[in-house]
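**Q** Chains D and X are the protein sequences, given in the same order. Each residue of the first sequence is one higher than the one before, starting from 51 at the first, in the numbering used here. Each residue of the second sequence is one higher than the one before, starting from 51 at the first, in the numbering used here.
Since the hints were made in silico from the structure, they are not lab data. The beta-carbon is built from N, C-alpha and C at its ideal position, and this holds for glycine as well. One or more hints might be untrue.
Said to hold, decoys possible - List time: in silico BS3-like cross-link candidates among lysine-lysine, alpha-carbon distance up to 27 Å:
1) X/K171 to D/K171
2) D/K80 to D/K192
3) X/K199 to D/K80
4) D/K199 to X/K52
5) X/K171 to D/K52
6) X/K352 to D/K192
7) X/K192 to D/K352
8) D/K192 to X/K81
9) D/K171 to X/K81
10) D/K90 to X/K199
11) X/K90 to X/K52
12) X/K171 to D/K166
13) D/K192 to X/K80
14) X/K80 to D/K199
15) X/K199 to D/K81
Unchecked claim - If the Cβ cut is set under 8 Å, some of the chain X residues that face chain D in the computed set are:
16) N172
17) P186
18) G264
19) E319
20) N325
21) G337
22) Y346
23) D365
24) R368
25) V378
26) V476
2 protein chains.
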Amino acid sequence: MKEIQVGLIGFGTVGSGTAQVLYEQAERIKKRTGVSIVLKKVADISTAALPDYLTDTELTRDADAIINDPDIDIVIELIGGTTLAKKFILAAIAQGKHVVTANKALLSEHGMEIFKAAAEKNVEVGFEASVGGGIPLIKTLKEGLVANKILSIMGIMNGTANYILTQMTDHATPFEKVLKDAQKKGYAEADPTYDIEGIDTAHKLVILMTLAFGMDVRLSDINCEGISRIEPIDIQFAKEFGYRIKLLAISRNHGDHIEASVHPTMVPEQHMLANINGAYNGFYFTGDMVENVLLYGKGAGKMPTGSAVAADVVDISRNIVHQSINRVPSLSYLPEHIAPRPITPIEELRCPYYFRFTTLDKPGVLSKISGILGKHDISIESVIQKGRDKKSKVPIVMRTYEAQEAAVRKALNEINALDTTMAETVKIKILVDDGK
Amino acid sequence: MKEIQVGLIGFGTVGSGTAQVLYEQAERIKKRTGVSIVLKKVADISTAALPDYLTDTELTRDADAIINDPDIDIVIELIGGTTLAKKFILAAIAQGKHVVTANKALLSEHGMEIFKAAAEKNVEVGFEASVGGGIPLIKTLKEGLVANKILSIMGIMNGTANYILTQMTDHATPFEKVLKDAQKKGYAEADPTYDIEGIDTAHKLVILMTLAFGMDVRLSDINCEGISRIEPIDIQFAKEFGYRIKLLAISRNHGDHIEASVHPTMVPEQHMLANINGAYNGFYFTGDMVENVLLYGKGAGKMPTGSAVAADVVDISRNIVHQSINRVPSLSYLPEHIAPRPITPIEELRCPYYFRFTTLDKPGVLSKISGILGKHDISIESVIQKGRDKKSKVPIVMRTYEAQEAAVRKALNEINALDTTMAETVKIKILVDDGK
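Isolated chain D (complex conformation) (with noise of 0.2 Å):
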C-alpha cells in the first residue's frame, strides 16, 4: 500500500485533534484512498509526551526537524500566529513539502505571498481547517459550485461571538456578564477582541472572498464593527420587529465593485441565519446557477477542526499517488485570474436601519428627530416609544427603509449632537434576504 509520511507541527487543542483523527480514522482513509497516512513526527516546544496510541510518531521541539526531513511529504502547521507559522510554511515549501493550515489570520495577511511561494514549487497549500472548522466550506467554494458565479457571501463565522449573542437574546443578560461566563467555561478567550469585535469573522470573509471572486483582498478591505456595543433593550426591540440580531459576515457581487463588510445585523427571523444559535457557524452563498446553498455546523473545536486538516491531508495525498498536484487551484482560480477588485466604499451601502435614540422625554423631540431624518432623506418605516417618564431619558426605536450610510452618518451626529439626546444613538443595519 502506498504510503504519505505527514509531519505535524503545534501538537495543542486541534493539533492533538488532528493526530487523534488521523489515528482513529486511519483504516477507514485506507479503504477509501488505498492509501496509508503515517504521523511521522510532531514538533512542539511545550509538549512533554505524545498519547500512547501514538507508537510510530516521534515527539520533536524542532519544526525543523520536520521541515527538513525527506521522508515528510506534508508539513501541517496548527501554531497559529502570523510570524513563526509563516516562517515554518515558506521553509516548508522551499523544501518542495506541500502545507495545510487552519491559519486564517496567516493566510489573510499573507496569503497571496505563500500561495505565490507554493505556485513557484509546484505544492499544495490546504487549509479547509481556516474557516468553519469541520464544515466543508472550501471544498464546495472550490469545487461543488464551480459552475456558478457567487453573487453573495452571508455567515455567521465566529461561534463565540454567536455564543454571546445567542445567550444574550435567550436569558436577556448584558454583554458583558455572558463574556465573563464564556470566559469562564472556556468558550470565549482571555482577550477576547478578535472574537468580539469581528476581527476573527473578517479574516475568514477574506478567504472566502478570494475562492469566491478570484480575488486579491486583505483584511484592512473590510469594514468591520463588533458586537460590543449590542444591549439586551435592543435584542428586544429586534424581536418586537421580527428580527434577530447576528454578527455577520456579507460580501456582495456588483460586477464592478464587492461590497465587503462585518457588523451586528438584524436578520428576519424566518430567515436560516436567524436560526443558527449557540457556536455553531453557519455560511449562506448564493449562486447565480445554485441560488442559495447554507452550510451549517461547529465552526471550531478540536475534533471538527481536525476533521477538516485530515480531509486536506487526504485531498493531497490522493493527488501524490495520482501525480495530480494542484489539479484544483488553491485560490479555486488560477493565479494569473487573481487580481484586485474595487471595494464598495462603505458610505455608498444602501440597507434599513434600526435605530435606537436615547432621549429626554419631552414634547417636540420625536419631530425633531424626524425633522433631521427627512432632511437626509431617511423615511422612517416604523416606531416604537415605550416607557413614558417625564424626569428620565427614553428609548426611542426606529427601524427606516433603505438608506444610504452616508446620510445615516451624517443625520445621526445631528441628532447626536442635540440637546435632548443623552446618550449615542444605536444604530444597526436591517438585512434584506428572504433567507430562503
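With the hints as your guide, set chain X onto chain D.
**A** Just chain X now, kept in the frame of chain D:
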C-alpha cells in the same frame, strides 16, 4: 487550451439547464481549470431545435451518435427512467466514456451493476445531481467528511413533499387540496406517487447510505411511508407539542446493523430540520469527528440541478487532464470495501410516538386505551383530549415515551379493534435529536 468534449442525452428541463450552465459559465470554468468544456452533441427525440446560443452543438435524435462518437469524453444522461437510461449508460461505459447522470431511480436500483462496469473500464460515473439538486452533498460525503465514520444521515430530500407539508402547516389546508394546487402550479407531478409516498426520498437515501457506509443497499431495504395520511389536525397537535411534521429519511449506523427508513416525523421545532420549509431540502449528517453538519438548498430545478451536473463534468475533466481517473472512488469506498450490511428490522426500532385515536366520547375509553398501551409496555408522556361532544367521535392525542415499533403495532391493532374506536389510529414517530 485543453478541450473536453461532452455529449448530452436528454434535453428536457435539467438537460437544457445543464447546457445553459455550461454555456454561461464557460469562461469561468476556463479561469478555474484551464480547460475548455465543449458541448459537442445533444440527443433528444422530441426537441426540434437547440437554443441559438448553442452555435457549435449538433442536435441528433440518436443517442448512439453520442455514445459512438470517438471525440466525446463525457456522456451526460438526463432522460430519466431506468430502461433506456441504463442501456445508454452501459453502452457509453463500454465505449470508454465517462458518465454524468442525475438519475437517482436508476442508481438506487441498478447502481452496483453500473459502477462495476465503470470500474472495469476505468471510467468515472458522476452523480452529484441525483440527490439534493445543486447542493454539493455527494462531494461532501465522499471528500469533505472522508475522515469520519458517519453515524447518521437525516434529511428532507423531496421538495414536493416538503412544499405540501409546509402549505398544510401554514394554512391548515387538507392534503388533497394542497396537492391539487401544487399540481396546478407545476410543483407536483400529475402522478405524484413517488414524491408523496416517500419513494423518491428512499431512492436518494439508498445513494447516500452507499456513500456514507460503504454499503450495498437496495430500495427494498428501506421501510417507506408517505405523507398522504397526514391531516391538518395532526399538524395542529404537533404544534401544541412543539413539533413540526416533516417527511424525513433517516439512516443510523448501529455498528452491526443499519437503520433505514422514510416516514413522516415530528421534528422538535428548534431542530434545524424543522425550519426547512417550502421546496427546500436539508441534509443533516453526523460524523464521529465533525459532529453535525447541515447542507441546505434547492433540491431540484433546472439551473440548480444543472449546476451540479456541470460540477461533475468539471471534476471529471480535471481528472482527464491530470490523468487521475478514479482519484476518488465513485462510491467513496474502494469497490472491494463495499458490501451488504444487515438492516435493522423495522419492528425493533424504538422511538417516542404520537398517536391520534378517533373514539366515541364515552366514559372509560381513555382508560381502556391506556390499559392496552400499558400491557404492551408503552408509557404515556402526555395526553390531549378536546371538544367533548357526547354524540360524536372525538380525537384523543398522546405522546409516548420511547417504545418499540413491534409493541406499538400490536397495541394499535387491539385499539383499532375496539368498538369505541371510530377510525384507524394515526401514529407518527417523534424524532429524538437536539438538532444542534
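**Q** Hint by hint, note whether the structure agrees.
**A** Checked hints:
no. : hint             : result
1   : X/K171 to D/K171 : 34 Å, violated
2   : D/K80 to D/K192  : 25 Å, holds
3   : X/K199 to D/K80  : 13 Å, holds
4   : D/K199 to X/K52  : 22 Å, holds
5   : X/K171 to D/K52  : 23 Å, holds
6   : X/K352 to D/K192 : 22 Å, holds
7   : X/K192 to D/K352 : 22 Å, holds
8   : D/K192 to X/K81  : 12 Å, holds
9   : D/K171 to X/K81  : 21 Å, holds
10  : D/K90 to X/K199  : 24 Å, holds
11  : X/K90 to X/K52   : 15 Å, holds
12  : X/K171 to D/K166 : 38 Å, violated
13  : D/K192 to X/K80  : 13 Å, holds
14  : X/K80 to D/K199  : 13 Å, holds
15  : X/K199 to D/K81  : 12 Å, holds
16  : N172             : 13 Å, violated
17  : P186             : 3 Å, holds
18  : G264             : 7 Å, holds
19  : E319             : 10 Å, violated
20  : N325             : 5 Å, holds
21  : G337             : 7 Å, holds
22  : Y346             : 4 Å, holds
23  : D365             : 7 Å, holds
24  : R368             : 5 Å, holds
25  : V378             : 7 Å, holds
26  : V476             : 28 Å, violated
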